[in-house]
Amino acid sequence: MKKSTAVNLDKLLEDFCQTEQKMTDMTAKNSLLEMKLNETSRMLTLKQTKEKYLREERDELLQAVIGLEHTIKQQCDLRVENEELKKSISDLERDNYSKLQDSAARIEGLQMEMAAQVAEHQSDAAEVRGQLQSKLEAKEREMEEALQTKEAELEQMRKRMKEQEKEKQKEIIKLQMEFSAKLARAQTTSVKVQQQPVASCPLPQDLYKRKLQFIQEQSQREVEALRQRVKELEQKSNSSFTECRLKRKKL
Numbered sequence: 001m002k003k004s005t006a007v008n009l010d011k012l013l014e015d016f017c018q019t020e021q022k023m024t025d026m027t028a029k030n031s032l033l034e035m036k037l038n039e040t041s042r043m044l045t046l047k048q049t050k051e052k053y054l055r056e057e058r059d060e061l062l063q064a065v066i067g068l069e070h071t072i073k074q075q076c077d078l079r080v081e082n083e084e085l086k087k088s089i090s091d092l093e094r095d096n097y098s099k100l101q102d103s104a105a106r107i108e109g110l111q112m113e114m115a116a117q118v119a120e121h122q123s124d125a126a127e128v129r130g131q132l133q134s135k136l137e138a139k140e141r142e143m144e145e146a147l148q149t150k151e152a153e154l155e156q157m158r159k160r161m162k163e164q165e166k167e168k169q170k171e172i173i174k175l176q177m178e179f180s181a182k183l184a185r186a187q188t189t190s191v192k193v194q195q196q197p198v199a200s201c202p203l204p205q206d207l208y209k210r211k212l213q214f215i216q217e218q219s220q221r222e223v224e225a226l227r228q229r230v231k232e233l234e235q236k237s238n239s240s241f242t243e244c245r246l247k248r249k250k251l
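Going by our numbering, the sequence shown opens with residue 1, and the numbers climb by one from there.
No wet-lab data here; the hints were simulated from the structure.
Keep in mind that the hints are not guaranteed to be accurate.
[Unchecked claim] Here are the simulated lysine to any residue pairs, SDA-like style, with alpha carbons at most 20 Å apart:
{"no.": "1", "residue 1": "Lys50", "residue 2": "Gln220"}
{"no.": "2", "residue 1": "Lys174", "residue 2": "Gln216"}
{"no.": "3", "residue 1": "Lys150", "residue 2": "Gln75"}
{"no.": "4", "residue 1": "Lys236", "residue 2": "Gln75"}
{"no.": "5", "residue 1": "Lys150", "residue 2": "Ile66"}
All figures in this text were calculated on a predicted structure; none of them were measured in a lab.
Take these sequences, add in the hints, and give me the full structure.
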């Protein structure tokens, strides 16, 4: 009877030692997982900060594009105003011609005086047309200078876009290098826990890969939207300049 009791105590002591060793191993594993979770949270916060900075920079570029649209709209308004002015001049000339025709029947006896008045009127009309032509040419030069300025601004925007693309590519390469380093560390440490049952959850490398892919796709969408906007502004500016040249030829 005493022998059976001694055997049970030894078994109990052995089970207790094994349980204590398992608890120690689990504590070490939990500490390692907690360190990895903290590192992952820190990296996520860093990526979110960078994403916020990129969004702010994108908003600034959009504001610049809106400013360019406003300037182009003002140029279009000036062209409409010029067209209205030319129409008013044409209406005045037709009105003057009609009045001269009506007066011709009533002033036959004053042909000499009328001839002098017509000559004077033609001189004034020529002077007015010359002044208007000078104003139109000055306005056209002003519009051409404004268009050249806008083209220079568009060129500057294209350069900024290229620089931003380079910076984003550098950032993506840096993130890929960081991801590769962390993936190597994760693969090294994962060998130690492959035989232990773990809950099904996304691995750290999967989280990094998804985050990296999301940043790349978002950057590409923003750059493509800005490229399309610049292209539309260029087409609009070229169309406005061509229209202005055609109107000048008609005059």
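To see whether the hints hold, each was checked on the structure:
no.: 1; hint: Lys50 with Gln220; verdict: holds (15 Å)
no.: 2; hint: Lys174 with Gln216; verdict: holds (12 Å)
no.: 3; hint: Lys150 with Gln75; verdict: holds (11 Å)
no.: 4; hint: Lys236 with Gln75; verdict: holds (11 Å)
no.: 5; hint: Lys150 with Ile66; verdict: holds (13 Å)
This entry satisfies every hint, going by the numbered hints stated previously.
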